[in-house]
Amino acid sequence: MPVLEGKELRIVGFLCNWCSYGGADTAGVGRFNQPTDLRIIKVPCSGRIDPLFVVKALMNGADGVLVSGCHPRDCHYAEGNFYARRRLEIMHKFLPILGYEPGRFEYTWVSASEGQRWQQVVTSFTEQIHKLGPAPKIVGPEASDTLSLMQAAL
Amino acid sequence: MKFQKELKDSIRKALPELDVVIGWCGSFDPLHATPHFIRREEDIDKLEIGPLSVHNLATYLPGLRSKKVGIVVKGCDSRSVIELLQEKLIDRENVTIFGFPCTGVVDQAKIKKALGHVGNVQSCDISDKSVVVVVGDQAHSLKLSEMLADKCHSCRYPDAIISDYFVGDKIGDAVPAKADYEALETFEKLSIPERFGYWLKELDRCIRCYACRNACPLCVCRDHCAAESRDPHWLSQENNVRDKLMFQVIHAYHLAGRCTECGECQRACPVDIPVLMLKQQMNKEIRDIFKYEAGVDPEATPPLLSFKMEEENITEKDW
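One line per chain: the protein sequences are Y and Z, in this order.
Residue 1 is where the first sequence starts when you use the working numbering, and the numbers rise one by one after that.
Residue 1001 is where the second sequence starts when you use the working numbering, and the numbers rise one by one after that.
Just so you know, the hints here were simulated from the structure itself, not pulled from any lab data.
Be aware that a few hints might be false.
Which chain Z residues stay away from chain Y? Per the calculated CB distances, all over 10 Å, these [what the hints assert, rightly or not]:
| id | residue |
| --- | --- |
| 1 | L1018 |
| 2 | P1030 |
| 3 | G1050 |
| 4 | L1115 |
| 5 | G1119 |
| 6 | Q1237 |
| 7 | M1246 |
| 8 | A1252 |
| 9 | P1274 |
| 10 | K1308 |
Simulated coverage check for chain Y against chain Z, where a stretch passes if three residues somewhere in it have a Cβ under 8 Å from a Cβ of chain Z [as the list claims (entries may be wrong)]:
| id | stretch |
| --- | --- |
| 11 | 30-42 |
| 12 | 51-57 |
| 13 | 81-93 |
| 14 | 117-127 |
| 15 | 132-145 |
Not the full set, but computed from the structure, chain Y residues with beta-carbon under 10 Å of chain Z [what the hints assert, rightly or not]:
| id | residue |
| --- | --- |
| 16 | N60 |
| 17 | R73 |
| 18 | Y77 |
| 19 | T108 |
| 20 | W109 |
| 21 | A112 |
| 22 | S113 |
| 23 | S148 |
| 24 | M150 |
Backbone N, C-alpha and C fix where the C-beta goes; we use that ideal spot for every residue, glycine too.
Isolated chain Y, as found in the complex (with noise of 0.2 Å):
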């Protein structure tokens, strides 16, 4: 969208088919402001996301990426979430070590019939991002700015 360019950041969300995709269409539905950064990818179950997912996204120039499921013992998989859980977690501990800040991943539960807590994530994980500006990025145009992170390391 050239009217934002600038102003809008790349946000990756993956959500569970049962619940949050549910939840971000009820809040379409009931015509909830949300801020247009995020890009949605759903996914059968939050089971299914492999952390190494949100690394991927990272490291091709997403500046966020926010994960949402069920909540805990709602599963459509009856424990998809909980498994994702542990995985999510460590990934969300994990990153800092690789050098991207904390906040630039959550991973959170929304169900299907919560569109104003959909709307309350979106809002407040969007300017989360935002205050945390771009992500580094490693190849394309923005490279030149790692590598003189590179060089300060040296």
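Knowing the structure of chain Y, use the given hints to seat chain Z on it.
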């Protein structure tokens, strides 16, 4: 090593029942050892164990699953064997484990750094305190404690945890001299953007040889490794630091809750990238969250293969 004879005797006793026993022997020069596959009685005499026995031989076990295999293990190697047993990648009844009390192994990279170059080594004598290496008619005396691998300074399991034959006297649970490694502390002082720069700088010299993966006893996917898969296409064939770093992240993440910090990845690295550090940091987080340590209990369930309805140490973000 004083128990070397005892070890050879127990191997001699067990060998008729086994297809192969894996240990170490001398190699192309006196400074290096190489894995030694004992198939016949006369091979036993070549066996040598000591500070040069750096390799983690557990790496060979999953590939020899259908055979009756004997394996000589240090304390750290035995943890890899336990982890393989725990994941049912090897069968306990097909593996005979020979354990010994390990007093530490050398880090060849440190010796190379101290000597400048290590071509044409004439002899190498290792005593309790020192390493005397003769390179091109010139003798160099190095302190053994300074040449030991970093992992040995913080080793808590010098004796093999699991074994069928144990030779020598157990050292017992050692209290590590240094709680953490120096390199780790320096790294932890870096700010977050500096860490990113640090990894890019270190990984820039990676040649994508995947020696780290091949040496890793727990990298068992073989032909299905994410590094070479085109579907899903995790990594491109391009020569850029992004894919090099991404591979290390994949490796570290696939080892989450499994890595026993044997350090084979870093030892195998031909360009000395501190790849073990990623895994150590990951392990630290796992210890904090799940109070779990890999490779000590063959009956335990790895943290990522189980869950609790209410997690004690996970606090979710409040929006």
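How the hints compare with the structure:
no. : hint    : result
1   : L1018   : 39 Å, holds
2   : P1030   : 36 Å, holds
3   : G1050   : 35 Å, holds
4   : L1115   : 26 Å, holds
5   : G1119   : 29 Å, holds
6   : Q1237   : 14 Å, holds
7   : M1246   : 6 Å, violated
8   : A1252   : 8 Å, violated
9   : P1274   : 12 Å, holds
10  : K1308   : 8 Å, violated
11  : 30-42   : violated (count 0)
12  : 51-57   : holds (count 4)
13  : 81-93   : holds (count 9)
14  : 117-127 : holds (count 4)
15  : 132-145 : holds (count 3)
16  : N60     : 8 Å, holds
17  : R73     : 7 Å, holds
18  : Y77     : 13 Å, violated
19  : T108    : 6 Å, holds
20  : W109    : 8 Å, holds
21  : A112    : 17 Å, violated
22  : S113    : 16 Å, violated
23  : S148    : 8 Å, holds
24  : M150    : 5 Å, holds
Hint compliance for this structure: hints 7, 8, 10, 11, 18, 21 and 22 are broken, all remaining hints hold.
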